[in-house]
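2 protein chains.
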Amino acid sequence: MKEALKKYIRRYVVIEEEDFEKFCNYLEFHQFNPKEYLLKSGSICYCKYFILKGLTRTFYIEESGVERIIQFGIENWWVTDMDSFCNEVPSNVYIQALEPLETFSISKQSLEQVYTEIPIIERFFRRLTENWLIAQQKSSHFYMKANSKKRYLDLINSIPNFVQRVPQYMIASYLDITPEYLSDIRKTQQ
Amino acid sequence: MKEALKKYIRRYVVIEEEDFEKFCNYLEFHQFNPKEYLLKSGSICYCKYFILKGLTRTFYIEESGVERIIQFGIENWWVTDMDSFCNEVPSNVYIQALEPLETFSISKQSLEQVYTEIPIIERFFRRLTENWLIAQQKSSHFYMKANSKKRYLDLINSIPNFVQRVPQYMIASYLDITPEYLSDIRKTQQ
DNA sequence: GACCTTTCTTAAGATATCTTAATTTTTTGA
DNA sequence: TCAAAAAATTAAGATATCTTAAGAAAGGTC
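Keeping their order, the protein sequence lines are chains V and Z. Residues in the first sequence are numbered from 36 upward in steps of one, following the working numbering. Residues in the second sequence are numbered from 36 upward in steps of one, following the working numbering.
Don't read these hints as lab results, they were simulated from the structure. These numbers were taken from a predicted model, which means no experiment stands behind them. Each hint should be verified, as a subset may be incorrect.
What the hints assert, rightly or not - Derived lysine-lysine pairs resembling DSSO-like cross-links, with alpha carbons at most 30 Å apart:
| id | chain 1 | residue 1 | chain 2 | residue 2 |
| --- | --- | --- | --- | --- |
| 1 | V | Lys-173 | Z | Lys-75 |
| 2 | Z | Lys-57 | V | Lys-180 |
| 3 | V | Lys-180 | Z | Lys-222 |
| 4 | Z | Lys-41 | Z | Lys-57 |
Based on the sequences and whatever the hints tell you, model everything.
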């Protein structure tokens, strides 16, 4: 189980077994049922979660009451609300399990301690954050220049069989289009 | 001149004079004239630039030939192409001075060395990147839910007298709308 | 100061996407 | 297994934004 995490970390840094084990001592294993919340709007996000198995969505609720999905989390992904986690401010998003979920979590407090005790882990998270930023930039530029259809095609091609795991109206919400229009796109597509 | 940078770093971490001075030894002072390029598409971005004075834009050119501005850089801002810098791949953006520009730059090679020699600087850049990510996330969510007019009003309110420093068609490009439509928005606005 | 270039504005028609509302299909839970 | 709830589709009319094209204003240079 820890192997997946080790492999993941080694994509970013060279880490000794010993340091990895030390890091693992700070992690907690946590399971969630579908529809259960890892985080609710209004509370502070005190953890980062590494997804071992399952699927999450991160969304906020507009004034109009509409839910907007801003991120999905899948296997080998860290999920958290960065703003709330880093700045210890109340979150305005929800993080919810969509499938039976298995995670490792680490608290902010632990993580700060880890950064000082195991510098290679701070390096790992620095690089991870850099890559996350790069991905976020790319997707937001792609989002700007591509129309809805291209965004949809991009999504279904980027993560194989991801679309099957999530109801279509959530895909629409993530792509920032209405479910009706997504339906339209799919019709003219096939 | 170094004071601005020191002050900036101290917004993120507690740093000793000594460490700061050590870090400064790796920096190079660099000036650019308006329209001069800090980076051109196709080449690798080997530096991060800290802007002491002036203004930059980062843009790419679409297949259609249209320039799309994805970022402006102003005083007390680090500019670089993160993807190209971190992964040493050819950039697909241009970074250009719009005003006479004064910067400190640091090369990737130096920076890697600094990370190992002065851990507090690695922490600084970790936190900086976290905050950058948070800002990027916020702006991309705002962008999604707000219409053009709201995006324009948000921009003119967020950085005082920024709009005066940049031609309107560049503002339009940054807001991802046509100059004609921005003109329209401004008309109905006042 | 006048001319050439760049930037900004105006307006008309075109298009992508939304809204609303009704209908059909699929999923869920008792 | 069936009824109720949730999700997906369809279609018509509405709206935000774009495209094109032309004219007006502003700025830079000899």
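Here is how each hint holds up against the structure:
{"no.": "1", "hint": "V:Lys-173 to Z:Lys-75", "result": "18 Å, holds"}
{"no.": "2", "hint": "Z:Lys-57 to V:Lys-180", "result": "43 Å, violated"}
{"no.": "3", "hint": "V:Lys-180 to Z:Lys-222", "result": "26 Å, holds"}
{"no.": "4", "hint": "Z:Lys-41 to Z:Lys-57", "result": "12 Å, holds"}
Hint 2 from the list above is the single one not met by this structure.
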